[in-house]
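For the protein sequence lines, the chains are A and B, in the order given.
Heads up: the first sequence begins at 1 in our numbering, then just goes up one per residue.
Heads up: the second sequence begins at 785 in our numbering, then just goes up one per residue.
Calculated directly from the structure, the hints in this document are not laboratory data.
Among the clues, some could well be false.
Simulated restraints on C-beta separations [unchecked claim]:
hint, chain 1, residue 1, chain 2, residue 2, range
1, A, V780, B, N1037, 25 to 31 Å
2, A, L757, B, G829, 54 to 60 Å
3, B, E1029, A, S299, 55 to 61 Å
From the three backbone atoms N, C-alpha and C, an ideal C-beta is built for every residue, glycine too.
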Amino acid sequence: MFLKIVMNDVRRKKIITATVLVFIAMAVVLGSSATNIIANLMQSIAQLKTHAVPSDLTQMHIGSYDQGAVDALVAALGEHIAEQETMYLLNIEGSDIHFGANRTMVDTVQDISFVVQNQKFDFILDLDNRKLDIQAGEVAVPIYFMKTYGLSLGDVLRIESRGFRKEFVISEYARDFEMNSALASSKRFVINQADYDEMLEHQVGEMEYLIEFKLHEHGDLRTVRNAYREAGLPSNGPTIEGRLFSLFNALSDAAVVMVIVLISLLLVVVASLCIRLTFLATIDEDLREIGVMKAMGISKKDIRNVYLTKYKVVATIAGVLGYALSFLVVRAFNGNMRLYLSSDLSGSLQYVLSLFAPVAIYLIVVLYCRSVLGRIDGISATEALRSDIMQRGKHRKYRFPLLKNRFLDTSIYMGLRDVATRIKLYRLLFFIFIVCTFIAILPLNVFNTMNSPKFSTYMGIGQCDVRIDLRKTDTITADFERLLAELENDSDIEKHAAYITCSYPAMTADGRWDYILIETGDFSVFPLQYLEGTAPAEAGEISLSFAQASADGLDKKVGDTVVVQVGGVEKQLKVSGIYQDITNGGKTAKAGASLGLQHDAILWYMVNLDIALHADVSAKMAHYQSTYASAQVNGIKEYARQTMGNIIRQMGAIVIGGLAIAIVVMVLITALFLKMLLSKDMSQIAIMRSIGLSAKQIEHQYLAGTMAVLLPGIILGILAADYLGEILVSMAMSSMGAASIRFVGIAWQTWLVYPLLIIVVVGITLSLSCKIAVAEDLSVVLRS
Amino acid sequence: MRTMLEARNVHKKIALDEDNVLHILRDVDLRIGEGEFVSVMGPSGSGKSTLLYTVSGMDRITSGSVRFMDQEIGSLKEEALSKLRLEHMGFIFQDINLLKNLSLIDNIMFPALLEKHVDKKAVHDKAKRLMEMTGIATLADNSITQASGGQLQRAGICRALINEPAMIFGDEPTGALDSKSAAEIMTILAEINSQGTTVMLVTHDMKVAAKTQRVLYMVDGCIIAQKHLGPYVESSDTLVDREQELMNWLVTNGF
Ligand SMILES: Nc1ncnc2c1ncn2[C@@H]1O[C@H](COP(=O)(O)OP(=O)(O)O)[C@@H](O)[C@H]1O
Ligand SMILES: [Mg+2]
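Go ahead and model the full structure; you've got the sequences and the hints to work with.
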């Protein structure tokens, strides 16, 4: 009997019940996959880290090198340093690496080095997280290159350089904790010691040193770093702290995961709004039924149970469905992570963690039902039989008389009136439209921001066409001056600016001297996006990167003073602004050329330039690349594409996914909403038809009402995604150690294409679901 | 006298399930002339309401023909039929059927405001006039929960009249009212009829039927007899006579 009532109820409200089920299932799918993906991500990063044992501090260096001096430092700092190992990188030009049918790696922006596996730590692993052990004649290729160039195991790489020629068979993927991410600017190929020695002997490539330190658990990073500087040890290159590697790894996947988590949270909101909507729209009818049941003498408890059971059953089915489906979603998303981080994501933990979402959502549904049912309890049988809950209680003043309407068609006015008089119901639809729009627009904003040329400025790269880096060689100063002179006279160069980076001692918050990198030059030519304040414009000003300004850097705010030694003289510099930077370890600073150079600690030279519209960019780049042997010429667009390409592609998939979810949800809810409204209003509709309103005129009323909430819903949703979304994304970014960002929206997409698309899709849904049945005799409804 | 409404061989069947078909109207013929005041009587369940709904186009007939103002109703599309109802027919129901979200005067004006480019002021004036005529002018801005049954029925009549229909249909409009209210409603309807509007009423109240010009008697879905009473002139003597005459006739027909 009990189950029969439940089944009857479900059968009678097929569409409503099915829609509620779909919503709950959808919320579970997204909630589950998000928890699953996060768990996988954290677990696999942790595992990879355990196996790879990344270094805590890495100094890159090109030039002469004396291991003895480093060893002396290690001996002196035994309480901090656990292990030290220097990896000898053989840097090979991409153009010297041949593969497939006449292809080379010339177009990569990554630095390529060939290395031998370390002995003590910073291991490069295979896809099973085992230390790579490469035989002679074989090479392990970084995953990034395997994917970028579509290589597979067994393919042959050929090195051709200055008459030397050697072939390697690709025997393994190289999974490299430190340099996996496209955001890290170099990649390590692992070969056998014998092959390495042979290449070294033939002077293939350029030698670079990775002087790596593994600290004790309580070792102090800053002490080691400063001792290293003060000892005057080799430091021609950036210094990289261990956690930057984790940040790179996380940034590549976490951004995507966070957006998915946000979407699923929002879907949970939509699902509960939808349940509330269902309750509100059906409550009159439910009340009448409850009245009948009460009159039949069925106890309150049983009545409660009928309704609770129904929603419990629906939530359970939806939970199981969503839980199962979530694993499909996870498989699709994890494809990338499996390769870069860990191939073994099995383990029961993910099944347990994924249970969290369905259980939480089930509880929300049940709690919600209970609170609604609580209200029904207070109503007597007779009250339940005649009352209309929307109109119950207070006698409101009569609003919106028909004569107030001056310009609108009466049907449209009636629709708008309906919204105003039943605001409780329409309000929910309105919220749902806002949330859906948010779901669609937020990923689009993130995607457009990442895709915009401006985004490179968030990574610390000025917005320019081409960037030329000069590596330190004996002729660097002469080369630099020659380059500047040539740029000055080259009419194809629209503008350019030179920057020199040196290492300067600077006073830390606790009064010690710490070495920091300061780039000097004119920063007004290629402005960076500043998070706060402005670029250094006058003498005596300095700007800091977000990481350098934060507590574990110099700990400064805009307007504070930084004391820096230049050539032994102390200078007071005012912080003019803070910018985001992920280059060179993330801790950088910028100051005008008037600061002066630290001549014995010049690290590198860089030139940014814009090429005139009429000139051929790639020819220009090739020209400068071949003229200056020590230069590395990169197109910024290409650079951004290669470093950000992967994450942008993933974000693109989410844009499509988010839009699809938003549209499906809006279509479903709109259809459901109208179906409920029409059945609720059946008698009023019959009265209007008896007066002589055509079905079309009545449809127009409902169309006008729904559109009246859809349009402002879209607008508010877009505004929320623009402003609230920016705050949310910034918070997420800073929780990962990056800094807040500004969205770069594309107005015609958010304000034209999206609204039009939604209006058309929802409009079609509306007109399809808003059909007044005219086949039936009017009297059937009027008499009942 | 010109024909306002003409029904021929009208059948109405309703399929209850696959085997059972309810035959509600069986071969009904009916002609109502312009300006007539006709009532339909008969036992409960004889099909009086169904007749009213079918000849006014609210329900579709199963077979036969219904012509209203020289138009074949069955051949009209939904939209045209609605327009015909809106412009030329008025309805008064036993359970009133006002829209619950509109005030009384808005309920009354609503049908008139559906026409494009109406003079809203004129509509308002007309609604006011009708409300004065029916004695509910003070209730204009009341909601439908703030009026008695009789007052609501008067508002219903005002709404039926707002578009100046050619014909008014009433399905037991006095059925739910006390006798005093019922008498007042009938006075109003007689007044409307005297101004030229055709009226067709379903009723089971002899006092009501006695005030109409012609009474049809239905049994089991057929009009089995009719009685011409002639125009009624207000006076209690004649009313008693008419009631007596009607009573005798009804009894001979098995009332
Ligand atoms: N839609 C319907 N479904 C089933 N039976 C109906 C329907 N409409 C009318 N009837 C039946 O048809 C008969 C005539 O109804 P009706 O025209 O309302 O009679 P009256 O108004 O004379 O009382 C009644 O027995 C009624 O139950
Ligand atoms: Mg009836």
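Hint by hint, here is what the structure shows:
Remark: the range hint 25 to 31 Å for V780/A to N1037/B is upheld by a beta-carbon distance near 30 Å. At roughly 56 Å, the beta-carbon separation of L757/A and G829/B lies within the given 54 to 60 Å, and the hint holds. With their beta carbons about 60 Å apart, E1029/B and S299/A fall inside the hinted range of 55 to 61 Å.
Checked against the numbered hints listed earlier, the structure breaks none of them; every hint is satisfied.
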